[in-house]
Each structure stands twice: as structure tokens, then as C-alpha cells.
Amino acid sequence: MDDLPESSSKGTKRRRIDDSAADAATSSSLQDDLTFSDTLVALQIMRAQFPHIDKVSIQPFILKSQLYSSVKDRTQVDRELESLRRDKVLRLFKLNTGQDDHAIMFLDDYVKQIDQVFKRMEGKKEVEFEVFGWFKNYVLDSKLETGIEHEELCSLLSLGGKVKDSHISILINAGVIIRQLIDPNMYWFAIPNIGTILKGLAQGRNELISLLSRRRYKEMMLATLEKKRLRMSPLDMRFHLRDLIGSGHLRTDHTPSGLIIRVSKD
Amino acid sequence: MHTWKQIRDREFGNLRPHRFSNRIKSRRLSDLQLSNHKDFLSPHKGALNSLQVDLTEGRYLLSAAADASVAVFDVQRPTEYEAGGLISKHRCLFLVDKQHQLAHKYAVSSAVWYPVDTGLFITGSFDHHINVWDTNTTQVVVNFKMPGKVYRTAMSPLATSHMLVAAATEDVQVRLCDVASGAFAHTLSGHRDGVMSVEWSTSNQSRTQLGRRPSVLKRSTMNKESTFKSSSAGQTTSAKLRVAQKKLPNGNGSRQVVVGRVPAKGPIKQRLHPGMLSTQDRATAHYGAVTGLKVTDDGMYLLSSGSDSRLRLWDIESGCDTLVNFETVRLQTNKPIQLATSQDSTRVFVPCMRTVKAFDMWSGSTSATFRGHYECVNSCWFNEQDQELYTGGSDRQILVWSPPRLISDEMEEGIAEDQDSWSN
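Line by line, the protein sequences are chains A and B.
Our numbering applies: residue 1 is where the first sequence begins, and numbers increase by one.
Our numbering applies: residue 267 is where the second sequence begins, and numbers increase by one.
Chain A on its own, in the form it takes in the complex:
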């Protein structure tokens, strides 16, 4: 059901695009599918439109601000996200870029991602790797929030076997758990191998905002803007546009000749 609108738009646009180097996913115009009706539909389509990054292998994730720009009613988005999270369809992660950034990943993608990381770590040396299995089976299943306390983590892991400090440090080295700055007893759940992408995210946001701010009237038509490529970010323009529109830094307005993107003043 959700593949249909995407493939139809891809089909009509692809015939017009000559540039073969352009990604197949970027061939559909953002203007056509900027908004969706349902949160799950929006999540699945945005997951399919996740840009392919060469050097880093990462499963698709969606930022919460992208969802806000895609579905009209934000309260509905929050409530549906909450129920999907409780049904263990997806997981939320707090990111360290900016104030209220959250990343949403489908649970299957997340499990695939951490499996990749665990496999890579296992190849290096033979040190207590059963903690990975414990983590997947016990912790991910029962703890659905973005953060976890040290005692609770140990108690959940010990359902699999005896927990030592080296187990926790393996998890931290793998990147699935990050110590919180404010409270040494609390950890955030995190997506491993996401560091370079987050850096690219922050730089791409700055680049896009400065690109628009440098213009005389601080605005640009969406059709021209989405064809530009960002130099500092491995993520594509559409990803950044959805994110910045959802977080309120950019505004869209309807004009007779299409959508226009403006930098919003406070």
C-alpha cells in the first residue's frame, strides 16, 4: 500500500531525469510528498527514502522533527509514536545534536544494526560476548524508554548470566549504551556507528540555514532548493529540509508558482 504512491511518482519523474548519477530516491519531487496522512505511512516512506551513504553502513532512521513536518497534527504524531513504541514496532533514541532531537528506528532495523556491530567486535578478540545476546533478549525487550539506570541494566542483563563491569564497558565500547553527562548512574540507548552521520547532520543544518540566510530575501523556491547538493553532509537535501521545517527553523509558504522555503524569524 505504501509502495504505490512512491513508485508512481518515481516512475513519472525518472523518465525526465537525464542525470544517471542522481539517486533514484531523490528523483521524486519533495513538493509532491511533503505531507502524509498517517504516522506509520510517513515513517515507512521516509525510511525508504533514506539516502544511501557510502562509507558508513547504517540502517535507515527518521528524525522526530521530520515527522512533525510530514504529518499535519503534531499531537496525533506524538500519540501514534507512543503507541507504536509500546507495541515494540519502533524505538526512540535521544540524540546529542541540539535540544530535543530524537531519532526513530524500526526495531528490526535496530536489531540488524547492532548485530552488525557485534559481529565486527567479535572478530577482534574473544572477550565475554554473551552480553550481546543478553542485551538483545532481555534489555531491549523490556526497557522501551530512551534511557536506563545502571542497576536496572545490570539486573536485566543478569537474567542471562553473571554480569561483570567488563560487560558494561563492552556495551559502551560498542556504542549501544552511552553514559549520561548529567548523571553517572544513567545511560542513554544509542545507535552505534552514528557519530559521523550526526556530525554531518549538524553541519548540513548549518550549511542549509546559511545558504538561505545569505540570500537577499532569505528565501528560495523549493523546486530549485532541492536540486542543490550539500557539501558538508552525507545526508541528502530532502532529509535536511524535512528536519528543519519540522523543527521550526524554516517555513514553507504556498505561492502561485509552488512552495517557497523561508528562514523563520522568531
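Just to be clear, a hint being listed does not mean it is correct.
In silico DSSO-like links for lysine-lysine, alpha-carbon gap of 27 Å or less [claimed, not checked]:
#1 A:Lys143 to A:Lys94
#2 B:Lys311 to B:Lys371
#3 B:Lys601 to A:Lys94
#4 A:Lys265 to B:Lys371
#5 A:Lys164 to A:Lys143
#6 A:Lys162 to A:Lys143
Treat the hints as calculated values from the structure; they're not laboratory data.
Since the structure of chain A is already known, use the hints to place chain B on it.
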């Protein structure tokens, strides 16, 4: 035309008076803009920190500023008219500033009226003092010394058996000061850092004859609610107190919400929220400080604004987050802000940097944006009687936002001063 028809319906009994007044009020509420007929001449030389109109008459506006000055304005009677009687200017009735004996030495962070009458007002300041002033003589009657800077003071609007001032200070404990005796009555502890805002509940719950009501207190690092007992003459009443927490100086804090459960009596009409996030999950509510709190007038919901630029609506009875998403982009992070709600709980007025945004309470959509201040807005107060919004900002101004008054009506009727109409 529409209004005349509604008046006639009310006369004939087709429209209930209550509904008629609600319709007029909500139409006026949606027409708010920078007032074209009212102006406050602010005598303050520092940023406005707090505004409050007295709860008994709705007539006197108390404003507190960062230059240690406190002023009172008459909202209904102007001191002079300009532009041929079209614009009413309100000067302050009196100003208490640093020259005054026993006045505050540093910024006054909050000034509230005594809820029973306008004879007293209470000010809290960064000079670690809370002063209780007599309005008529502008003298300090009672003085409390706090261990740290006072961020907010609050008195319960419903209390008949106690005269307690709740003080939120830099210190981790919230102190309840008794005006009648001049001593500290209670100390509420549980926070790990300074408390930035405090609010009393607007619905006095669980009145019991004797004994204590059990309350489950969950440990939290952000938002704490505790029940305390104040026994008086054989009857035990308990009021719920909500406090919030300031963020730690380094790093960003992740805060959790605590739920104090007090079984309530009687049927309560509740809105059902699908997918309500329960704070029992110890999920973080605000990443960072809680900068402002407001309890709705029916006492059922609590609004909290945080330095993570989110505004959240909590259901007080169940302690759950209703997950209404308010489209706030940026909120002030270093100073406490004062939120305002309309009485029928449909609109929330939030100071967002230089603008004040009005949100619909239940859907979270922005209904209006009020741009007028030159610098950050710190506090706002909604006057229910006249449907006017007063906002104070760091630009030292108090702005009035009201439904527009048609100039043509005024011109025909003449000057709105107090004149005898039978002697020309």
C-alpha cells in the same frame, strides 16, 4: 448584528446567559491584538519579571522588575487620556524602588497579591529576602530571610485556613513561610537542585476529618509533587503543591517526573487521552530546567515549560503526560517565565523569546502570535474580566493586548470621561 441577535435570543430564553457570555468572550479572545486604546506607562528601569492582577477585584496590576522596583497600576481607571479621549494612559499608583527604606537591594523576581484582599502583597527578590508589604502605607510588615536567591513566591488562591507563602529558591528545599506568625511552617525537600517555579493547586482536594491520607511519592529529579498536611482546629486539609527544578549549571539535565497519588473524592470528569504516557515509567519529562508552571483554573491540568523548549500538559489526577504537542520553537532558558491561561482553559499564552504565542490547549496548534516587545518577554497575565493580556518583557515595557475598540463609536459618543450628561 450578530451580537444583537444573540442578545435577543438571551432575552427570549433561547440562549442561556452563560453560553451567551462565553460566546462573546471567545470571540473577543480570538481578536486580541496590541491595544489601540490602553497603555501602561511603565516606571521601571529594569526588565519586568512578574505581573499579577489581584484575584479579588481584578483591578490592580502588580509588576516587579529587575531594578528592585515594584509598581501597582489601576487597570480599569486611567490616570489621563490622550488623543481626545481615545487612548487611556495608566500611570502607576505607587512605585517602591531602591530609595525606599527596607526595599529590596537586587532584582525582584516575583510579586504576588495576598489572595484575600489587596491590602498586602508579597515580593521575593534576589537579595535572599521575601517581604510582605502593606499596600496602603507601603511599609514592610513581615520579612523572611531565605538561604538563596528567591525565584518565585506563591500563595494559595483557595486557602482559608492558612496564610502560607511557598518560596522557590536556589536552595534545594522549598520553604513554606507563614505570614501570620512570621516563621517557617514547612520545608519540602526532594529536589536535587534549585527550584525555579512553584504553584499552588487551584482545587483543594481530599479534605479529611482525621488521620493522614497516604501519598505515594516517587523519587524524581525534576518535577515533584508532595502532599503536606496542615492541621487546624480538628480538620485536616491537604493541598497539593507542585514544584519544579532548575537545571544544573553544567551540562544538560535529564529530568524525570514524580507522581504523588492522592485518591480524590467524587466523580471527576476527565478527558481521555489515547496513548497517555505514564510518568510511572520514569520517562524524562523535560531535558533541562523547568522554567514555568501553571495550573489551569479547574485544577485538573498542569502546564510546564522547560528549557528544552517544550511545553507539556500534565493531567494532575493521573500524573500522566497528555502528549499534546505545542509548536514551540524556542523558549527562554535562563530565566523563569510566567505562563497564562484563559479561564475556560482553551488558550495558553506562552512567552517565546520576543513574542507571546497563544496555543489552543487541547490540540497544541498556534492560534495567535503577539509581536510587539523589543526584547524577551518574561511574563504574561490574562485578565479574564476584560479579556486582555498583559505582557512584561526585558525591554521594561508592559504591553496590553486587547480586542480592538472601534474608533468610530468613540468619536460619536464623545469623550469617555466622567461627565454629567445633562449639563453641557
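- Task: Quickly compare the C-alpha distance for Lys143 of chain A and Lys94 of chain A to 27 Å and report which way the hint goes.
- Result: With Cα atoms ~15 Å apart, Lys143 of chain A and Lys94 of chain A stay inside 27 Å; holds.
- Query: Can the restraint linking Lys265 of chain A and Lys371 of chain B be considered satisfied, given a maximum Cα separation of 27 Å?
  - Reply: The given pair, whose Cα atoms are some 37 Å apart, is violated under the 27 Å limit.
- Query: Taking only the CA atoms, is the gap from Lys601 of chain B to Lys94 of chain A under or equal to 27 Å?
  - Reply: Holds: Lys601 of chain B and Lys94 of chain A sit about 25 Å apart, inside 27 Å.
- Query: Is the hinted pair Lys164 of chain A and Lys143 of chain A satisfied, with a Cα-Cα distance of at most 27 Å?
  - Reply: Judged against 27 Å, a Cα distance of about 20 Å means the pair holds.
- Task: For the pair supplied as a hint, Lys311 of chain B and Lys371 of chain B, confirm whether the alpha-carbon distance does not exceed 27 Å.
- Result: holds, 14 Å
- Message: Between the alpha carbons of Lys162 of chain A and Lys143 of chain A, is the straight-line distance 27 Å or under?
- Response: Holds: Lys162 of chain A and Lys143 of chain A sit about 19 Å apart, inside 27 Å.
Hint 4 alone, counting from the list given before, is not met by this structure.
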